[in-house]
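Chains as they are written, first to last, in full-length UniProt numbering: chain F, 1 to 615; chain W, 1 to 221.
Since the hints were derived computationally from the structure, they do not count as laboratory data.
Treat the hints with care, since some could be wrong.
Said to hold, decoys possible - Cross-link-like lysine-lysine pairs, in silico, DSSO-like; alpha carbons within 30 Å at most:
#: 1; chain 1: F; residue 1: K175; chain 2: W; residue 2: K93
#: 2; chain 1: W; residue 1: K82; chain 2: F; residue 2: K175
#: 3; chain 1: F; residue 1: K75; chain 2: W; residue 2: K142
#: 4; chain 1: F; residue 1: K173; chain 2: W; residue 2: K82
#: 5; chain 1: F; residue 1: K175; chain 2: W; residue 2: K152
#: 6; chain 1: F; residue 1: K75; chain 2: W; residue 2: K126
#: 7; chain 1: W; residue 1: K90; chain 2: F; residue 2: K175
#: 8; chain 1: W; residue 1: K93; chain 2: F; residue 2: K67
#: 9; chain 1: F; residue 1: K336; chain 2: F; residue 2: K307
#: 10; chain 1: F; residue 1: K75; chain 2: W; residue 2: K93
#: 11; chain 1: F; residue 1: K75; chain 2: W; residue 2: K121
#: 12; chain 1: W; residue 1: K22; chain 2: F; residue 2: K336
#: 13; chain 1: W; residue 1: K22; chain 2: F; residue 2: K348
#: 14; chain 1: W; residue 1: K152; chain 2: F; residue 2: K29
#: 15; chain 1: W; residue 1: K152; chain 2: F; residue 2: K75
#: 16; chain 1: W; residue 1: K90; chain 2: F; residue 2: K173
#: 17; chain 1: F; residue 1: K117; chain 2: W; residue 2: K22
#: 18; chain 1: W; residue 1: K152; chain 2: F; residue 2: K67
#: 19; chain 1: W; residue 1: K90; chain 2: F; residue 2: K75
#: 20; chain 1: F; residue 1: K348; chain 2: F; residue 2: K307
#: 21; chain 1: W; residue 1: K93; chain 2: F; residue 2: K117
#: 22; chain 1: F; residue 1: K117; chain 2: W; residue 2: K137
#: 23; chain 1: W; residue 1: K93; chain 2: F; residue 2: K173
#: 24; chain 1: F; residue 1: K173; chain 2: W; residue 2: K142
#: 25; chain 1: W; residue 1: K56; chain 2: F; residue 2: K348
Claimed, not checked - Label-pair distances were calculated between CB atoms; the ranges are:
#: 26; chain 1: F; residue 1: K382; chain 2: W; residue 2: P66; range: 51 to 57 Å
#: 27; chain 1: F; residue 1: D179; chain 2: W; residue 2: V6; range: 32 to 38 Å
#: 28; chain 1: F; residue 1: P450; chain 2: W; residue 2: T20; range: 52 to 58 Å
#: 29; chain 1: F; residue 1: K521; chain 2: W; residue 2: R37; range: 44 to 50 Å
#: 30; chain 1: W; residue 1: K142; chain 2: F; residue 2: I339; range: 50 to 56 Å
#: 31; chain 1: F; residue 1: E53; chain 2: W; residue 2: K121; range: 41 to 47 Å
#: 32; chain 1: F; residue 1: D176; chain 2: W; residue 2: Y14; range: 23 to 29 Å
Stated by the list, open to error - Incomplete in silico selection of chain W near chain F, CB under 10 Å:
#: 33; residue: F36
#: 34; residue: R37
#: 35; residue: K93
#: 36; residue: R96
#: 37; residue: E97
#: 38; residue: H100
#: 39; residue: F106
#: 40; residue: A110
Built from N, CA and C at the ideal position, the CB exists for glycine as well.
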Amino acid sequence: MATHEIEDGYLSDSDIQSSVAEILENVAKPPIMISEHDGDLYGQLVLMLIPVEKNLDEEILFVTALKALSGAVSKINNIFHVSLLRNIFSIYIWDYGLDARNAILELITNLAIVPDKFLEDCLEMLVRNFQPPGRIRGYIYRPKFHAHKQNIYVQLHEALCYITSLVPIAPFKLKDILDRRMPKVHAEKMEMLPFVECMLGLESNEIGDYLRSTLLSMVVELLVDLDVSITWGHILKEDNNKDIFDIELEDFHNAEYNPVGVSGGKKDNNPDKLDCLMVIVCEHIKSSACDGHLVKVFDILMESFRKTVLNAYRSKFSQFIMFYACSLEPEICGLKFAIFLIDIFVSKAEDPISRMSAVCYVASYLSRARFISCSVVSSIIKRLVEWCYEYCHLQAGSERINNPNSHRLFYAGFQAVMYILCFRMQSLMDIQELKSVLFHLPLEAILCHPLDPLRICLPTIVKEFLCQAMAAHLLKKPLISSLQDNLLESEMSAAFGGVERLHMFFPFDPYLLKESDRFIKPNFESWSMVRKTYTNLNSEDELDDLDPLSGDDGSEDGRDDDVSAGDDDDEDELEYSINQMSITPRPVFEIAMADGRVPIPGRMPARIRPSVSPV
Amino acid sequence: MEGLTVSDANLTVYIHPSMTNKVRGAILTQLSSLLFRYSEDLEGVLLAYQVNVRSKVARILPGLVPHFGVKLKATLLLFAPKPGMFIEGKVVKIGRESIHAIVLGFSSAAIMLGDIREEFKFQIEKGTETYISKSHKGHRIKVGSIIRFALKSMDEEILHISGSLIPPNTGCIHWLSKYGMEHDPHTKRSAKRRLEKERDSGSSHSAVPRRPHKCRRTRRE
Chain F
1 MATHEIEDGY
11 LSDSDIQSSV
21 AEILENVAKP
31 PIMISEHDGD
41 LYGQLVLMLI
51 PVEKNLDEEI
61 LFVTALKALS
71 GAVSKINNIF
81 HVSLLRNIFS
91 IYIWDYGLDA
101 RNAILELITN
111 LAIVPDKFLE
121 DCLEMLVRNF
131 QPPGRIRGYI
141 YRPKFHAHKQ
151 NIYVQLHEAL
161 CYITSLVPIA
171 PFKLKDILDR
181 RMPKVHAEKM
191 EMLPFVECML
201 GLESNEIGDY
211 LRSTLLSMVV
221 ELLVDLDVSI
231 TWGHILKEDN
241 NKDIFDIELE
251 DFHNAEYNPV
261 GVSGGKKDNN
271 PDKLDCLMVI
281 VCEHIKSSAC
291 DGHLVKVFDI
301 LMESFRKTVL
311 NAYRSKFSQF
321 IMFYACSLEP
331 EICGLKFAIF
341 LIDIFVSKAE
351 DPISRMSAVC
361 YVASYLSRAR
371 FISCSVVSSI
381 IKRLVEWCYE
391 YCHLQAGSER
401 INNPNSHRLF
411 YAGFQAVMYI
421 LCFRMQSLMD
431 IQELKSVLFH
441 LPLEAILCHP
451 LDPLRICLPT
461 IVKEFLCQAM
471 AAHLLKKPLI
481 SSLQDNLLES
491 EMSAAFGGVE
501 RLHMFFPFDP
511 YLLKESDRFI
521 KPNFESWSMV
531 RKTYTNLNSE
541 DELDDLDPLS
551 GDDGSEDGRD
561 DDVSAGDDDD
571 EDELEYSINQ
581 MSITPRPVFE
591 IAMADGRVPI
601 PGRMPARIRP
611 SVSPV
Chain W
1 MEGLTVSDAN
11 LTVYIHPSMT
21 NKVRGAILTQ
31 LSSLLFRYSE
41 DLEGVLLAYQ
51 VNVRSKVARI
61 LPGLVPHFGV
71 KLKATLLLFA
81 PKPGMFIEGK
91 VVKIGRESIH
101 AIVLGFSSAA
111 IMLGDIREEF
121 KFQIEKGTET
131 YISKSHKGHR
141 IKVGSIIRFA
151 LKSMDEEILH
161 ISGSLIPPNT
171 GCIHWLSKYG
181 MEHDPHTKRS
191 AKRRLEKERD
201 SGSSHSAVPR
211 RPHKCRRTRR
221 E
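Please model the complete structure; the sequences and the hints are all you need to start from.
In structure tokens, the structure reads:
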């Protein structure tokens with residue numbers, strides 16, 4: 001009877017509520033004791049809540065039933081009302097209008113706070129709703145779905161916050177559920193993006209106070225997993241097939257005819273996934289900077305960078321979230337990051353791999369980050385040089401070193417100094433105080449030490465450094481002549497650089513993901529834009545002599561780091577991309593295959609191309 | 001408030017060999033992982049701790065990963081309420097069928113309609129949901145009130161408390177503590193003398209909640 005009355009719509013809310021409570025009470029007993037009439041009424045209630053697409057009338061009835069249940073949650077029993085609960089917890093709020101969504105979430109929040117019963121199921125249901133149901137996944141990044149998606153995210157966040165305000169222990173439970181439901185590397189792109197976007201949204205509200213570190217580190221881990229799963233083979237292949245990198249979020253218009261789930265099944269589109277994720281993460285960092293809590297977020301990011309990214313072999317892109325975060329608050333975050341890295345390098349308590357990695361990061365970071373001031377660069381260089389100088393002093397005896405591997409920290413450290421100076425020497429020279437700091441550094445003492453860094457470090461860097469240092473009169477002794485013989489084919493250097501991955505690791509080499517590049521590019525120093533000390537000298541003879549390859553390189557240098565959209569020569573672009581991103585060592589044959597030439601000896605680190613031609 | 005205890009414990013914390021150079025940090029991390037969780041060994045929820053490492057010597061366990069056991073003395077603040085104890089919480093939600101409160105900032109408590117004594121009636125007063133006592137109009141429970149209630153049960157996994165407002169000396173603390181001062185005809189009598197009188201009469205709780213005693217409330221530790 002009660003249900004008929006509900007359908008007729010003659011009863012007030014509280015009457016409906018008490019009718020529903022009565023139905024629930026009447027069926028809360030063993031099945032044989034339930035009267036047929038009560039069973040029917042309960043059956044109708046369960047039917048109303050079946051999560052299928054509904055017409056307007058059905059949706060109104062659905063909302064009424066939900067509201068009535070919200071008022072009678074204490075009568076809901078997890079033994080006798082299993083089918084009802086199953087229907088409630090399998091609802092996707094994406095399928096319904098605003099009123100129905102509000103009613104669903106009200107019921108869920110009310111259920112969550114009933115003692116000992118439904119908290120986990122409720123949280124699980126909300127987290128499942130981070131992703132839209134399968135059939136609309138293809139469309140949700142269309143512009144017209146944007147508002148709908150944002151509304152749903154806001155509602156989900158509000159519901160979770162409300163539950164947290166009533167059940168303070170909820171975030172602990174939520175953490176486990178998020179862990180379990182977080183998409184893994186092989187998940188479809190359309191499962192991954194909405195989930196991560198919604199999860200990051202949680203970070204900026206009250207739940208963030210409890211779970212900030214978990215949420216961010218889960219995202220960073222996913223980025224790193226994706227990152228290391230992308231091989232050089234991918235990048236070469238993807239570059240040939242431009243479409244992969246060209247994808248824009250708006251392009252999902254086509255998803256209707258070509259759902260990602262079907263066509264993307266076989267194609268491994270990890271670079272594309274990573275690109276879109278980087279956009280989401282960068283947008284999130286940007287919004288937290290606007291809200292003024294970037295510093296909090298940055299601290300967590302730095303912590304998870306330390307745990308996951310720093311020692312990840314072949315990490316190519318995920319470190320750029322640090323770069324971007326630093327660029328938004330250079331004076332606090334940018335400085336903090338530099339100091340954090342150099343502290344790891346000089347700390348004896350850290351393991352050698354982390355120290356090597358850290359110094360590679362510091363070199364690449366200070367060279368590439370346009371937002372870092374010269375005084376910071378100067379002080380970090382000073383610290384590095386002092387560390388190297390001290391290291392030299394501690395080496396007893398003066399015989400030549402035969403096993404560079406045992407001093408790899410030293411070589412990595414000094415190579416970092418040279419690398420940074422290649423990029424920054426001219427700008428340091430422009431400021432009188434910093435210039436005098438530079439001139440007081442014991443560079444020559446280190447260079448002439450039996451450890452002989454010039455012979456071991458990467459020849460390209462050594463050569464460029466010497467050119468610039470001589471032009472700036474930073475070095476007095478003619479160190480170059482002694483190196484002419486073995487500069488390019490130093491066996492030890494080759495052996496060292498070839499075996500030790502970190503020796504050639506330049507984490508902040510030009511960024512290759514197209515969509516997210518817009519966040520990185522404005523603050524990124526490309527080699528072609530660097531002012532070199534020797535360009536002021538109008539190509540003096542002595543410098544021309546130093547650089548036998550200058551003619552060839554000059555022409556290469558003409559191609560800027562900027563991605564020229566109109567570049568129609570595929571091969572050129574391919575070669576260009578490879579040069580642009582020579583980070584970690586890759587098998588030589590790949591390069592050979594890619595550009596069709598024999599690999600050059602002493603592979604190029606980044607885009608350092610010694611050149612005397614003005615840029 | 002009842003249910004809070006301070007206890008001294010002798011603990012052994014087993015530490016992974018990789019943490020050898022930061023033992024103190026490792027101890028604190030391990031102990032912190034117990035915070036705000038029910039521990040069967042401690043028979044309660046750990047709220048705070050203070051640690052004294054007893055010696056600099058630790059025993060290394062034989063095995064593939066040679067953990068080492070650091071012995072320490074710790075002072076622990078535990079929340080271990082038992083059924084029937086009176087505890088206090090801040091009301092966060094009032095509904096027709098329930099009152100929800102948060103105890104000590106971490107545990108959520110719910111008092112369902114059946115556990116609210118009949119004296120209290122639900123009303124919506126100026127748009128805010130309130131439980132008002134029929135016998136004392138001043139005795140109201142609304143969102144933000146601190147209430148004292150009796151513990152019925154506690155779910156150890158999610159630290160969810162079921163409470164009851166049936167016992168007479170439960171309700172809004174503000175009212176319970178003020179009541180004697182405002183409604184007692186002998187307000188000028190000193191608290192000491194009142195205490196003495198009650199002790200003489202030998203009743204710990206009066207049958208009718210006309211004069212619940214504010215001094216009876218145990219202070220929060």
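Outcome of the hint check:
{"no.": "1", "hint": "F/K175 - W/K93", "verdict": "holds, 24 Å"}
{"no.": "2", "hint": "W/K82 - F/K175", "verdict": "holds, 29 Å"}
{"no.": "3", "hint": "F/K75 - W/K142", "verdict": "holds, 23 Å"}
{"no.": "4", "hint": "F/K173 - W/K82", "verdict": "holds, 24 Å"}
{"no.": "5", "hint": "F/K175 - W/K152", "verdict": "holds, 28 Å"}
{"no.": "6", "hint": "F/K75 - W/K126", "verdict": "holds, 28 Å"}
{"no.": "7", "hint": "W/K90 - F/K175", "verdict": "holds, 25 Å"}
{"no.": "8", "hint": "W/K93 - F/K67", "verdict": "holds, 17 Å"}
{"no.": "9", "hint": "F/K336 - F/K307", "verdict": "holds, 17 Å"}
{"no.": "10", "hint": "F/K75 - W/K93", "verdict": "holds, 18 Å"}
{"no.": "11", "hint": "F/K75 - W/K121", "verdict": "holds, 20 Å"}
{"no.": "12", "hint": "W/K22 - F/K336", "verdict": "holds, 23 Å"}
{"no.": "13", "hint": "W/K22 - F/K348", "verdict": "holds, 14 Å"}
{"no.": "14", "hint": "W/K152 - F/K29", "verdict": "holds, 24 Å"}
{"no.": "15", "hint": "W/K152 - F/K75", "verdict": "holds, 18 Å"}
{"no.": "16", "hint": "W/K90 - F/K173", "verdict": "holds, 22 Å"}
{"no.": "17", "hint": "F/K117 - W/K22", "verdict": "violated, 41 Å"}
{"no.": "18", "hint": "W/K152 - F/K67", "verdict": "holds, 29 Å"}
{"no.": "19", "hint": "W/K90 - F/K75", "verdict": "holds, 25 Å"}
{"no.": "20", "hint": "F/K348 - F/K307", "verdict": "holds, 18 Å"}
{"no.": "21", "hint": "W/K93 - F/K117", "verdict": "holds, 18 Å"}
{"no.": "22", "hint": "F/K117 - W/K137", "verdict": "violated, 35 Å"}
{"no.": "23", "hint": "W/K93 - F/K173", "verdict": "holds, 21 Å"}
{"no.": "24", "hint": "F/K173 - W/K142", "verdict": "holds, 28 Å"}
{"no.": "25", "hint": "W/K56 - F/K348", "verdict": "holds, 23 Å"}
{"no.": "26", "hint": "F/K382 - W/P66: 51 to 57 Å", "verdict": "violated, 42 Å"}
{"no.": "27", "hint": "F/D179 - W/V6: 32 to 38 Å", "verdict": "holds, 34 Å"}
{"no.": "28", "hint": "F/P450 - W/T20: 52 to 58 Å", "verdict": "violated, 35 Å"}
{"no.": "29", "hint": "F/K521 - W/R37: 44 to 50 Å", "verdict": "holds, 47 Å"}
{"no.": "30", "hint": "W/K142 - F/I339: 50 to 56 Å", "verdict": "holds, 51 Å"}
{"no.": "31", "hint": "F/E53 - W/K121: 41 to 47 Å", "verdict": "holds, 43 Å"}
{"no.": "32", "hint": "F/D176 - W/Y14: 23 to 29 Å", "verdict": "holds, 24 Å"}
{"no.": "33", "hint": "F36", "verdict": "holds, 7 Å"}
{"no.": "34", "hint": "R37", "verdict": "holds, 8 Å"}
{"no.": "35", "hint": "K93", "verdict": "holds, 6 Å"}
{"no.": "36", "hint": "R96", "verdict": "holds, 7 Å"}
{"no.": "37", "hint": "E97", "verdict": "holds, 5 Å"}
{"no.": "38", "hint": "H100", "verdict": "holds, 6 Å"}
{"no.": "39", "hint": "F106", "verdict": "holds, 5 Å"}
{"no.": "40", "hint": "A110", "verdict": "holds, 5 Å"}
Hint violations for this structure: numbers 17, 22, 26 and 28, all remaining hints satisfied.
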